[in-house]
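Those protein sequences? They're chains A and B, same order as listed. Here the first sequence is numbered in our numbering, starting from 21 and rising by one per residue. Here the second sequence is numbered in our numbering, starting from 410 and rising by one per residue.
What the hints contain is simulated information worked out from the structure, not anything from laboratory work. Just so you know, these numbers come straight off a predicted model, no measurement behind them. Don't take every hint at face value.
As a list, the in silico PhoX-like pairs of lysine-lysine whose alpha-carbon atoms are at most 20 Å apart [said to hold, decoys possible]:
(1) Lys-250(A) x Lys-511(B)
(2) Lys-577(B) x Lys-250(A)
(3) Lys-511(B) x Lys-577(B)
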Amino acid sequence: MVRTSASARKPSPWTVFRVSVTRDLAVAWRHLHEGTHPLLFFILTVSLFPLAAGPDPVFLRQLAPGILWIAALLSTLLVLDSLFRTEYEDGTLEQILTSAHPVVLIVLAKVAAHWILSALPLVAVSVFLGMMLNLPAHAYPAMVLSLLVGTPAMSLIGAIGAGLTVGLRRRGLLLALIVMPLYVPILIFGAHAVQSSIVQANWVSPLLLLGAILVLSLTLAPFALVAALKTSLH
Amino acid sequence: MAMRKPAQPTTSRSRAWRWFHRFGSPAYFYFFAGRWAPRFGHLAVAFFLAGLYFGLVVAPPDYQMGDSYRIIFIHVPSAWMSMFIYVVMAVSAGIGLVWRIKLSHAVARSCAPVGAAFTFCALVTGALWGKPTWGTYWIWDARLTSELVLLFLYVGYMALLAALDDWKTGSRAGAVLALVGLVNIPIIHYSVEWWNTLHQGATITKLGRPSIDIRMLVPLLIMFAAVNFYFLAAMLNRVRCELLDQERRTRWVQEVVNG
Chain A
21 MVRTSASARK
31 PSPWTVFRVS
41 VTRDLAVAWR
51 HLHEGTHPLL
61 FFILTVSLFP
71 LAAGPDPVFL
81 RQLAPGILWI
91 AALLSTLLVL
101 DSLFRTEYED
111 GTLEQILTSA
121 HPVVLIVLAK
131 VAAHWILSAL
141 PLVAVSVFLG
151 MMLNLPAHAY
161 PAMVLSLLVG
171 TPAMSLIGAI
181 GAGLTVGLRR
191 RGLLLALIVM
201 PLYVPILIFG
211 AHAVQSSIVQ
221 ANWVSPLLLL
231 GAILVLSLTL
241 APFALVAALK
251 TSLH
Chain B
410 MAMRKPAQPT
420 TSRSRAWRWF
430 HRFGSPAYFY
440 FFAGRWAPRF
450 GHLAVAFFLA
460 GLYFGLVVAP
470 PDYQMGDSYR
480 IIFIHVPSAW
490 MSMFIYVVMA
500 VSAGIGLVWR
510 IKLSHAVARS
520 CAPVGAAFTF
530 CALVTGALWG
540 KPTWGTYWIW
550 DARLTSELVL
560 LFLYVGYMAL
570 LAALDDWKTG
580 SRAGAVLALV
590 GLVNIPIIHY
600 SVEWWNTLHQ
610 GATITKLGRP
620 SIDIRMLVPL
630 LIMFAAVNFY
640 FLAAMLNRVR
650 CELLDQERRT
660 RWVQEVVNG
């Protein structure tokens with residue numbers, strides 16, 4: 021009797037994960053205007069490059085992978101600042117860290133929700149931005165897939181930086197400083213998958229390497245993130 | 410049936426533990442470092458002078474690069490130290506994070522500026538060497554690019570430490586960052602190498618020739634010893650400062666400061 025009621029009270033890890041994600045999505049849904057900021061930032065940054073580098077379509081096509089990837093990287097960085105901010109300020113973060121459920125899963129769920137809200141729209145919009153940058157049609161699968169695989173890895177690694185700096189009042193630039201060097205491999209493989217597909221070379225291998233980075237960060241980053249959050253809260 | 414366990418014999422294990430505890434005590438280490446830092450410093454100066462003499466005077470000019478290759482006696486040891494110190498820093502920070510040893514954190518914090526200085530030195534000498542060899546100060550060579558990213562990693566670590574006022578929080582946060590960086594460094598290195606081979610052919614291999622002249626090898630090894638001694642001296646001095654700052658409320662620091 022006691023055992024069944026105890027097991028009924030303790031939800032499965034998957035339920036914990038799902039509930040956390042849904043909760044974060046519901047909160048974001050009620051502040052929808054804030055959720056559009058990374059998207060607008062992404063579009064604006066991409067539009068600035070032709071203004072600075074010139075409108076020549078051939079030149080833009082060469083630059084397109086770099087422009088799209090750097091813009092995606094910057095907007096990911098920009099929104100990382102808000103990843104744990106409200107939770108830190110209202111004390112939810114302490115509740116999460118002391119909760120009886122697997123902390124790693126809850127934290128992973130927060131990053132997952134954050135990625136769905138901030139990066140997934142970018143991937144969708146990148147198709148239109150690719151057209152504006154004169155990206156050839158056969159390069160779209162590589163662009164969408166590389167962003168789809170690369171942005172979660174960036175969110176996971178960046179979340180560690182956000183966790184380390186969550187207690188600081190002015191942390192935006194510091195966060196960028198400590199996280200950007202860690203993004204170097206993702207940027208290299210992601211932009212090169214697109215670059216290779218433009219010249220119709222082998223773009224699958226950089227994509228696979230990007231996938232390897234995603235798997236690595238998916239398995240290791242949540243633990244580093246929990247350590248980072250615990251450090252910041254003590 | 411309460412049978413008492415036989416008393417633990419004083420094995421080498423317990424002696425090692427006693428040594429470990431004493432060594433980890435800030436007061437003990439402060440005086441230990443005070444004795445050893447100057448010795449390492451003197452050794453570093455002696456080895457630097459010997460290495461420079463053998464490197465700049467005794468070693469013959471290179472058949473291809475003439476005298477300009479002589480910068481390797483600074484460049485290669487600095488580049489090697491830049492990576493070695495990052496590993497020392499991350500491992501020490503990791504030990505501090507897991508076992509909560511203040512001394513390990515102090516060592517990690519003290520490694521960062523020395524490592525960053527060596528990285529900067531490697532970058533500058535690499536650029537200076539590039540001018541006569543490649544015809545330009547900077548090319549996006551794989552090793553130079555990796556060194557640049559490594560410098561960014563050091564700078565990020567130091568910026569994080571500087572931003573967090575609380576010593577303990579800062580050290581622990583820095584430790585997490587250093588460990589994440591340690592996992593990332595090989596990935597960064599290989600990704601940059603992969604990126605570099607896509608863009609340009611193999612660059613000049615600096616020490617690629619298997620038969621390096623013994624008169625060139627000896628000064629290089631002497632310089633390696635010199636930079637290691639310098640690192641030990643500089644790091645131990647910095648650890649002393651960190652410990653004084655951290656233990657400023659304790660009696661032994663009061664005694665040191667007031668004479």
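Consistency of the hints with the structure:
no., hint, in the structure
1, Lys-250(A) x Lys-511(B), "18 Å, holds"
2, Lys-577(B) x Lys-250(A), "13 Å, holds"
3, Lys-511(B) x Lys-577(B), "8 Å, holds"
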